[in-house]
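Respectively, the protein sequence lines represent chains A and Z.
Reading the first sequence from the start, the letters are residues 1 to 199 in the numbering used here.
Reading the second sequence from the start, the letters are residues 1 to 199 in the numbering used here.
None of these hints come from the bench; they were simulated from the model.
All values reported here derive from a predicted model rather than from experimental measurement.
Glycine is no exception: its CB is placed at the ideal position from the N, C-alpha and C atoms.
Mixed in with the good hints there might be a few duds.
As the list claims (entries may be wrong) - Simulated restraints, written as ranges between beta carbons of each label pair: (1) Z:H26 - A:D73: 50 to 58 Å; (2) A:D153 - Z:A5: 55 to 63 Å; (3) Z:G147 - A:P99: 46 to 54 Å.
Stated by the list, open to error - Covered stretches of chain Z (chain A as the covering partner; in silico rule of three or more C-beta atoms under 8 Å from a C-beta of chain A): (4) 7-13; (5) 16-26; (6) 59-69; (7) 73-81; (8) 167-180.
2 protein chains.
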Amino acid sequence: MSGDAAEQTDTQAAIMEATYRALCDHGYADLTIQAIADEFAKSKSLLYYHYDTKDEILVAFLSYMLDQFTVEDAIDTTDSPDDQLWSLIDNSLPPSPDPEQREFQVALFELRSQALSDEAYREQFTRADRFIKDTLADVLVAGIDDGTFRDVDVERTVELLATMLDGAMLRRTTITGDSTPATREALAQFIERQILAEE
Amino acid sequence: MSGDAAEQTDTQAAIMEATYRALCDHGYADLTIQAIADEFAKSKSLLYYHYDTKDEILVAFLSYMLDQFTVEDAIDTTDSPDDQLWSLIDNSLPPSPDPEQREFQVALFELRSQALSDEAYREQFTRADRFIKDTLADVLVAGIDDGTFRDVDVERTVELLATMLDGAMLRRTTITGDSTPATREALAQFIERQILAEE
Numbered sequence: 001m002s003g004d005a006a007e008q009t010d011t012q013a014a015i016m017e018a019t020y021r022a023l024c025d026h027g028y029a030d031l032t033i034q035a036i037a038d039e040f041a042k043s044k045s046l047l048y049y050h051y052d053t054k055d056e057i058l059v060a061f062l063s064y065m066l067d068q069f070t071v072e073d074a075i076d077t078t079d080s081p082d083d084q085l086w087s088l089i090d091n092s093l094p095p096s097p098d099p100e101q102r103e104f105q106v107a108l109f110e111l112r113s114q115a116l117s118d119e120a121y122r123e124q125f126t127r128a129d130r131f132i133k134d135t136l137a138d139v140l141v142a143g144i145d146d147g148t149f150r151d152v153d154v155e156r157t158v159e160l161l162a163t164m165l166d167g168a169m170l171r172r173t174t175i176t177g178d179s180t181p182a183t184r185e186a187l188a189q190f191i192e193r194q195i196l197a198e199e
Numbered sequence: 001m002s003g004d005a006a007e008q009t010d011t012q013a014a015i016m017e018a019t020y021r022a023l024c025d026h027g028y029a030d031l032t033i034q035a036i037a038d039e040f041a042k043s044k045s046l047l048y049y050h051y052d053t054k055d056e057i058l059v060a061f062l063s064y065m066l067d068q069f070t071v072e073d074a075i076d077t078t079d080s081p082d083d084q085l086w087s088l089i090d091n092s093l094p095p096s097p098d099p100e101q102r103e104f105q106v107a108l109f110e111l112r113s114q115a116l117s118d119e120a121y122r123e124q125f126t127r128a129d130r131f132i133k134d135t136l137a138d139v140l141v142a143g144i145d146d147g148t149f150r151d152v153d154v155e156r157t158v159e160l161l162a163t164m165l166d167g168a169m170l171r172r173t174t175i176t177g178d179s180t181p182a183t184r185e186a187l188a189q190f191i192e193r194q195i196l197a198e199e
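Make a model of the complete structure from these sequences and hints.
What follows is the structure, encoded as structure tokens:
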């Protein structure tokens, strides 16, 4: 990488870090470019040079997260397929999220609701969904191959799991009471009865 | 009902009708009290007399819908329990929504995302969720009693179904492509394998 390109990558990474912190602190509705700039150690003009609106920064942030995130961040492929499946569930639906995870989940749902009317957000969440579904499918296929799982219909099972994880996110952020334990129990029962090979 | 009370009820019903039409036409973000007033045949000052903000009207609208909506609107209790279950699913996730249903679903999701930060919205959606879960539970119990369904764990099965319906709403409105057929297929497979009594 040339010096210029390396510097550009550093700048982008620093902007994305600042965006993450500002988003956790302020949430989407109250976020301003100024709030992101306040978290950004380098010059504010550099930020304005790259982006015109907070939505431009946030879409770039989603895209950056998706570029950086790999299967290895979500699962340990040396784990058994059922542990891998639970790692994916834990990743979307942590059993006891810390305050920062909670803030980020709420912010992420706020960004997701922008996808209702903004094609650029929709594109990033469609990419994220494709990644989650592909990863779930790979784990299911590995588990079918090694006999951990039954010979399930992979496509329908992935659809059910992905829809459950999306529903869990919506319930957790918009319904009173902590729905996470009940959702995890419902998922556990489904996995036990429909996915895990019979003893 | 006294003449005054009847008139008040008529006025409320007319405001709610106007709110429904304005919400379908404009969506949440672009909705104004003026747009609701334009759909309202009676005097605009009457509308302002009852409500100060569009959020006040919209929360009242959600509450009104929930007050009006009964189990009999969602299901025909003389149907078989499996038909009742599908009526509930069709109600949340129509197989081929018409344009008005689509508009209303998008608007309803916009209102739901207000529940992230607004307790009054959250309260109404929590009420709606309670209604859906209670109705699902009643249908499951009826089906277990008459032998249509297996002796499923009602609480966990209701949780899975309610989470699926919420996830379906989120996917349908924020991910590119029509996810409804795939979600319905995943639900059909779950119902067949986990809920319907074995032949």
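* Given the range 46 to 54 Å, decide if the beta-carbon distance of G147 of chain Z to P99 of chain A lies inside it. => holds, 49 Å
* Holds or violated: the stretch 16-26 of chain Z covered by chain A, criterion of 3 or more residues with Cβ-Cβ distance under 8 Å? -> violated (count 0)
* Can the suggested window of 50 to 58 Å be confirmed for the beta-carbon pair H26 of chain Z and D73 of chain A? -> violated, 41 Å
* Asked: Count the residues of the stretch 7-13 of chain Z with a beta-carbon closer than 8 Å to any beta-carbon of chain A: does the count reach three?
  -> This one is violated; 0 residues, fewer than the three required, reach chain A with a Cβ under 8 Å.
* To do: Examine the stretch 59-69 of chain Z: at least three residues should have C-beta closer than 8 Å to a C-beta of chain A.
  => violated (count 0)
* **chain A over the stretch 73-81 of chain Z, status - at least 3 residues with CB closer than 8 Å** => Violated, because only 0 residues of the stretch 73-81 of chain Z bring their Cβ atoms closer than 8 Å to Cβ atoms of chain A.
* Verdict for D153 of chain A, A5 of chain Z (Cβ pair) under range 55 to 63 Å -> holds, 56 Å
* To do: Mind taking a look at whether chain A covers the stretch 167-180 of chain Z? Criterion is 3 or more residues with CB to CB distance under 8 Å.
  => Three-residue rule met by the stretch 167-180 of chain Z, so holds; n is 11.
Taken one by one, the earlier hints fail for this structure at numbers 1, 4, 5, 6 and 7, listed in ascending order.
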